[in-house]
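> Position chain C against the provided structure of chain U, taking the given hints into account.
Protein chains in written order, with our numbering: chain U, 1 to 409; chain C, 1 to 409.
Bear in mind the hints are in silico, worked out from the structure with no lab data behind them.
Warning: the hint list may mix true and false statements.
Note: identical chains are not told apart, hence a pair may lie in one copy or across any two.
What the hints assert, rightly or not - Calculated cross-link-like contacts (lysine to any residue; reagent style SDA-like; alpha-carbon spacing at most 25 Å):
#1 Lys214 with His287
#2 Lys53 with Ile291
#3 Lys296 with Ala333
#4 Lys130 with Tyr362
#5 Lys373 with Asn106
#6 Lys402 with Ala367
#7 Lys55 with Gln98
#8 Lys53 with Asn297
#9 Lys34 with Gln206
#10 Lys53 with Ile335
#11 Lys247 with Ile168
#12 Lys342 with Asn66
#13 Lys31 with Glu364
#14 Lys402 with Thr283
#15 Lys383 with Glu289
#16 Lys6 with Thr157
#17 Lys379 with Leu366
#18 Lys20 with Asp113
#19 Lys53 with Asp344
#20 Lys261 with Gln243
#21 Lys383 with Ala143
#22 Lys20 with Thr166
#23 Lys130 with Glu364
#24 Lys29 with Asn368
Number of protein chains: 2
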Amino acid sequence: MPVGLKKPEVNNILNVPGIKLASVKAGIKYKDRKDLSLIMLDEGSVVSGLFTKNKFRAAPVQVCQNHLKAGSHKRALLINTGSANAGTGSEGFDNAMQICSELATNLKVQAHDILPFSTGVILTHIPVNKIVGQFTNLIESLAESHWLEVAEAIMTTDTVPKAYSTKIKTENEDIVITGISKGSGMICPNMATMLAFIGTNANISQSILSRIHKEIVEDSFNAISVDGDTSTNDSFILMATNQAQNKLISNEGDKDYEIIKEGFFEVASYLAHSIIRDGEGATKFIHIEVINGKTKNDCKEIAKKISHSPLVKTALFASDPNLGRILAAIGNADISSLLIDKVDVYLNGLPFAQNGSIASNYDEELANIEMKKTEIHLKVDLKIGSEHSSFWTTDLSYDYVKINAEYRS
Amino acid sequence: MPVGLKKPEVNNILNVPGIKLASVKAGIKYKDRKDLSLIMLDEGSVVSGLFTKNKFRAAPVQVCQNHLKAGSHKRALLINTGSANAGTGSEGFDNAMQICSELATNLKVQAHDILPFSTGVILTHIPVNKIVGQFTNLIESLAESHWLEVAEAIMTTDTVPKAYSTKIKTENEDIVITGISKGSGMICPNMATMLAFIGTNANISQSILSRIHKEIVEDSFNAISVDGDTSTNDSFILMATNQAQNKLISNEGDKDYEIIKEGFFEVASYLAHSIIRDGEGATKFIHIEVINGKTKNDCKEIAKKISHSPLVKTALFASDPNLGRILAAIGNADISSLLIDKVDVYLNGLPFAQNGSIASNYDEELANIEMKKTEIHLKVDLKIGSEHSSFWTTDLSYDYVKINAEYRS
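Pulled out of the complex, with its shape left as it was, chain U reads as follows (with noise of 0.2 Å):
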């Protein structure tokens, strides 16, 4: 069961102008659902990607990255589950192009114009027979209203699809943001096994597009974890339509610069959440906050630490304030700036350390009601400068050795 997240109702997700996206059945690795997938953009989109840092990247996020080089104008995403076409060299390199190349052919687009995404296990080879005899019903499925139903398809361990939309307001017309994502475990920041698909209908440049790109993702899905781990696969994809009547945004000084990056960051920042909320085996939505830092970067390694470290996992899953792993965690960051006689430490607001120590007035009553809630804020308050970092995580449970354990079976 996700922490305090539903499926989105279908509602409340908006149609993007110049998307138009299908999924069906391609028996991948399971029968009878649906796992490939295509969005496909109106002539004149423009597309920025970001992909893992696992130096072992798929073959995909090969193929995306070097399309994405040959231009910025893309016509078409296609993303298959049950396969991750990792590890699989350069045959599963060359696959991954004669995807390309026989969708771009039924699309009569180029192949540089499509870009391949997989997700599911690695160290298999792709079936590209069974993809490739998808396209004609996947193209006759095409329509603008079936982002949910794309969420749905791209779900590998989630249990709840994931997808945000918003509206925000430019000086000409409301313009729209809609995204998805998928991903709930090897999730770890610089991008995890993770796919998130943002797309508007905004009048934008490809080079301001990819700024905002940058700028958001460190504060959203490069800020969560479930587990640590890196996977091979991860992409996340902002792709602009220009449709709406907006003045072209082309330059940060523009009056809408703010106003779409803080939109796309709202929806960026909803998906990784949710991928939180929906972590393999989560009972717990845990939001580590850093405080008055010397550096953003020792903020956000200490909040790494005290988020990959198995003793606070657990101890959290099991509602117990050992809160001392908290501490040895924070004394694990290999940062020089640390004074461990300032730490403050702060469970839901409730003081549990205090330069560095237990804190005087601390109540093992009031920490074990606060435990038992299934949102925890821990704050620290490093006290040695004003920088600040958040991170957020998972409990670990029972049910992510469970998840993971049966995951191929």
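Frame of chain U; chain C shown alone:
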């Protein structure tokens, strides 16, 4: 149930002339279990200490480090379980100092001749009076034959005591090396919630003891991980009573230098591996060997990434050859020399990845058989150099979560 590890036979654990030990019930956390131990060294003994790199190092660690600076001739080690005396600020430090002073008075030695050690729950104050009240009792119980008894008294979540002895031949006399250790969770390189004490009667200078210490720790206690969490209290102590008749070892060119180093390494390796075999919830003993890397450090980084990946560890627990997760873990190591198109990986000798892709003769039936074994050897051949490194870890099971969720209860 530990993996391939039994309680040591009392006859196999040898006395070390010049070292006496005792343990008693002080009721620190639990009634009716021995939780306070004393290791007494004859005058003339030398000691070397290595400690946690966690910045929240516990009060007893700080005291040990101060006392070792005051001189390397030590007389007594005092060890308690039930409270780590970590995250306890200046009050914790004063408590540890008071305990040393009181024990020094009882033993008619200086306070800085005492080294204190604590293990247990972090962020709890240590009950000074309960501990001091047992000193007479402790001193009366001292005997050379109590190594195994103390190995039992220092356990926390350990399921079996860890002790090992070896005899080495020097020119003049056979020398004894006996060691004990504890630890089973919060275990990660750079000293884990781990205490280890190894003693010998060898005639050896403190500077050479200290040199050997640094040489043997890297591939023993710093090459193991249960959960990647480094504790606040880790301590690893070598003691030499200098009572044997071997020619003083005071130079690394000395004839017996390599012999005694190998003896210490044998004991340290056995104790380190015992911690993994008894790792919290462990059902498998996993040896990760990375060969033909550019530097030893590169090899160790990759071995650590594999051993810290919850996805690899849950797949090993499930005996599911979801081996792509190992490639993903390798790809997450932050080393620049990696060439993914060269990487070969073997599971108990069975090749499953060749040149970064699925091995051409990979046979999942055979992989299934190997995955079911309790002793797993993963070998990664980087094929870019001639360095190598080994690392030992456990799988991640339901019981790991259970033990850590319930530790304080």
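> Up to 25 Å between alpha-carbons, please classify Lys20 paired with Thr166: within, between, both or neither.
Within one copy only: 18 Å inside a chain, 73 Å across chains, cut-off 25 Å.
> Should Lys53 paired with Ile291 be assigned to within, between, both, or neither, using CA atoms and 25 Å as the limit?
Intra 27 Å, inter 23 Å, cutoff 25 Å: inter-copy only.
> Please work out whether the CA atoms of Lys383 and Ala143 approach to 25 Å or closer within one copy, between two copies, in both situations, or in neither?
neither (53 Å within a copy, 50 Å between copies)
> Is the C-alpha distance from Lys402 to Thr283 at most 25 Å within one copy, between copies, in both cases, or in neither?
both (14 Å within a copy, 15 Å between copies)
> From the Cα coordinates, with 25 Å as the cut-off, is the pair Lys247 and Ile168 best called within, between, both, or neither?
within (14 Å within a copy, 83 Å between copies)
> How would you label the pair Lys31, Glu364 (within, between, both, or neither) given a Cα cut-off of 25 Å?
The answer is between: 22 Å across copies meets 25 Å, while 51 Å in one copy does not.
> Checking an output row: Lys379 and Leu366, CA cutoff 25 Å. Within, between, both or neither?
within (16 Å within a copy, 49 Å between copies)
> Within a copy, between copies, both or neither: where do Lys53 and Asp344 come within 25 Å Cα-Cα?
between (33 Å within a copy, 21 Å between copies)
> Since the copies are identical, ignore which copy is meant and state whether Lys214 and His287 lie within 25 Å (CA to CA) inside a copy, between copies, both or neither.
within (22 Å within a copy, 40 Å between copies)
> Regarding Lys261 and Gln243, is the shortest C-alpha distance of 25 Å or less found within a copy, between copies, in both, or in neither?
This pair counts as within: shortest intra-copy Cα distance 18 Å, inter-copy 74 Å.
> From the Cα coordinates, with 25 Å as the cut-off, is the pair Lys20 and Asp113 best called within, between, both, or neither?
This pair counts as within: shortest intra-copy Cα distance 16 Å, inter-copy 77 Å.
> At most 25 Å between C-alpha atoms: does Lys383 with Glu289 qualify within a copy, between copies, both, or neither?
This pair counts as within: shortest intra-copy Cα distance 13 Å, inter-copy 42 Å.
This entry does not satisfy hints 5, 9, 21, going by the numbered hints stated previously.
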